[in-house]
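> Quick one: dock chain against chain with the hints and give me the complex.
Okay, here's what each chain looks like letter by letter:
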Amino acid sequence: MAAPLYQIPGQAAPSPPAAPATSAASPAEVQAALAEGVVGARTVAEVLAQSQADTVIAELEHDLIGLAPVKGRIRDIAALLVIDKLRMNLGLQAQAPSLHMSFTGNPGTGKTTVALRMAQILHRLGYVRKGHLVAVTRDDLVGQYIGHTAPKTKEVLKKAMGGVLFIDEAYYLYRPENERDYGQEAIEILLQVMENQRDDLVVILAGYKDRMDTFFRSNPGMSSRIAHHLDFPDYPAGDLLRIADKMLESQNYRFGRGARAAFEEYLLRRIPQPHFANARSVRNALDRARLRQASRLFADRDRVFTPDDLSIIDESDIRASRVFHIAAPQAQT
Amino acid sequence: MMTNPVRRITQGQFSYLPDLTDTEISMQIQYGLDKGYAWSVEYTDDPHPRNTYWEMFGIPMFDLRDAAGVLLELNNCRKTFPQYYIRLMAFDSTRGVETIVMSFIVNRPENEPGFSLVRQEAPGRTIRYTVHSYATDRPETERGSL
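Sequences listed follow chains A and B, in order. At position 29 of the first sequence the residue is numbered 29 (our numbering), and the sequence of numbers has no breaks. Positions in the second sequence are counted from 1; adding 1000 to them yields our numbering.
The following block holds chain B by itself, in its conformation from the complex (with noise of 0.2 Å):
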């Protein structure tokens, strides 16, 4: 949010860390792939707190026995989409449980916008508010670049 004092936005797991490196992304991929979690690849441009469902980037990936496939696909998406925000998710099958389980951010823009607070006035002085994504303020096609 704009309040947010190191200007990166914090979403899912180890958001308050320095980035990942590539070493300490794989152990978790890795710790997932041993509870026999599906790890999947996702990006966006908005990053509104909102945007539930980010775009997959392929297919999530079951079957999997090491890291490498996943940082295979991972590393294919950074380079595709260098200035959008990456994340990868793991997804629990188990019976019962059949959700996400694991998700944290592995790319972000060099420039991060933010979100603004919009007030807007409804009948007998309400205040409504909302959150705004600045990264929307640019054409969909303009966006990913500096």
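Pulled out of the complex, with its shape left as it was, chain A reads as follows (with noise of 0.2 Å):
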């Protein structure tokens, strides 16, 4: 076949200046490019003006409490990938690093959140072309009938395709216990995908740390494929509560007097009890302090509010919780 007579983005442009193209895809044109975004770039600073990365990196540091061990990795990560584009600038090539990612932690301990905060820095370094994070579970992937688990996960690498692909309870795909699981061949097209798609897509397994232990040491050829497993630690009670705090304020109300250190009570006497959920469990407490402070509110037909009186968690609020009166014994200890 004859070369083409017209220039093709990201390819070497003939030596004659091509005519600007005026095909049906000049739209995606400008989009290839702003992917391929830094170009030309010699110093970290310009890369990371370029991309606009560090931003998202500050965000991260300013919206995320605690985690300390999670941003040192994403800071790492976020690094290599600035070189690599240096590098690349420079005509030095390397290739494509792996960033397939396990995360692992208790729940509540932020790991869908920082999946999605992975997927736009990842974008904005460009390399992910979309940066869009699609969330899926073992029903997403798996079928119910033989033939029907193929159709189902390419469907889903498809969507995924130019962003990432985040599993959560990776390890339900693989049941050991049902030698007949159809978790099996949803592996093995990831696998398949993983390896061969690396530009196209990274995927992220999330999981409680034991359960993904097993199912790694089940899936080694899994393990192999994932360069990054970043352990969530769980979060004291002093980041729980600033984690409270920030909850309270983004939906525009505060603690009243007293009301702080009755949560942080609160959250000593939760913490050590069955199902603590971490940001999760900080969550549904508030939410269920919200109540009570409307019931409360409620009661008082006649009274005309102040916005602080509507904004304003009293301590009544919290201690009427029913962690208060269970676990009395035991917090003496």
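It is worth saying that the hints were derived from the structure and are not from the lab. No experiment lies behind these values; they were computed from the predicted model shown. Note that beta-carbon positions come from the ideal geometry of N, C-alpha and C, so glycine has one too. All clues stand as given, with none of them false.
Partial list, derived from the structure: chain B residues whose beta carbon lies under 10 Å from chain A: (1) Gln1030; (2) Gly1058; (3) Ile1059; (4) Met1061; (5) Phe1062; (6) Asp1063; (7) Leu1064; (8) Arg1065; (9) Asp1066; (10) Ala1067; (11) Ala1068; (12) Gly1069; (13) Val1070; (14) Leu1071; (15) Glu1073; (16) Asn1076.
Shown next as structure tokens:
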């Protein structure tokens, strides 16, 4: 086939200056040029300025409380991507790094939130073209009868192309107790795409630490294709309290006098109890406190409320929690 | 048609151009995706001009964001039917449009036999004309191979 007479973006330009392309694809061209983004930069600052990745990283620092090891690792990954860009601009070819990740940690430690940010960072640095996050669980990947799994998994993969595929509770994919389980088929398709289309798709697996360890032990192929294993630690009470501040602030509420101390005491009692889900439990506790505040105000039929009345969570709203009654004898120890 | 000097059928967009490369195809796909079209892959062994409905290779792909997904499906189809005609079609679901807005051939058999014009004598020395696709001369199971 003869060489085309027009220029294709991303390929070496022919010697005479090509006429501006007027094909139907011109918006796509602009998109491609944007995605390639960081062109000709020579310093880290230039790459960061062109890609605006540092604003996302700064937001991550600012918005997410605690999680020091996770943030450190994300900074490392971002640094590697920036340096890779610089190397590429100087013509030092390097293989695109494998960016598949696994996030392990207890419920409510921020795995999904970080995954969403990760998609933005990778998009700003030009490693994924679209930067959207497709969050799925076993149900979205594994079919119910023979021949159902492959199309289902492929459809999800196709939707996630150009972005990040986030598989929550990934260990459910593998059910060793049932040898006719279709999860294995989904894993094999995933592995194939993770290997062959590294440039098109980043896969993030998430789940509880111990179960994910079992999952990786029984799927060594999966483990070896994931370069970054990030462990999300549980939050200490201080961090949870700051998270609570932030949650209330975002909903235009605030703690009244003594309420913050009461909430700290609540957390100290709640943490040792079963089914504690870190930030998620904090959000639920605050939602319940809002309910109590609402019914407290509701009882006052004839009162004219000030904005303060409506936005302050009182100490009594928090003290009314079940936790203070049940856990009282244990808290003495 | 039999009068086509390039001996290639010309249907849909870009059919007078040399075959699009994968880069060019994915740029077209991306253009469609950015407009909100849903792409689908179809194939056939009979490119008769009145053969409007080709076989679907999988269901149309809704909610995609990036061209790589469509290209993946296209390459699957090429691997399965290397000697068939394969086309990509973009469906615009906008209310009031609701139709195919882009369609172009992305795979052709090596040997394109083309068509012939068939004349039928009808009463009163009338001549009825119809187009016959040479590809259908062979039994269905033998088409798609050289």
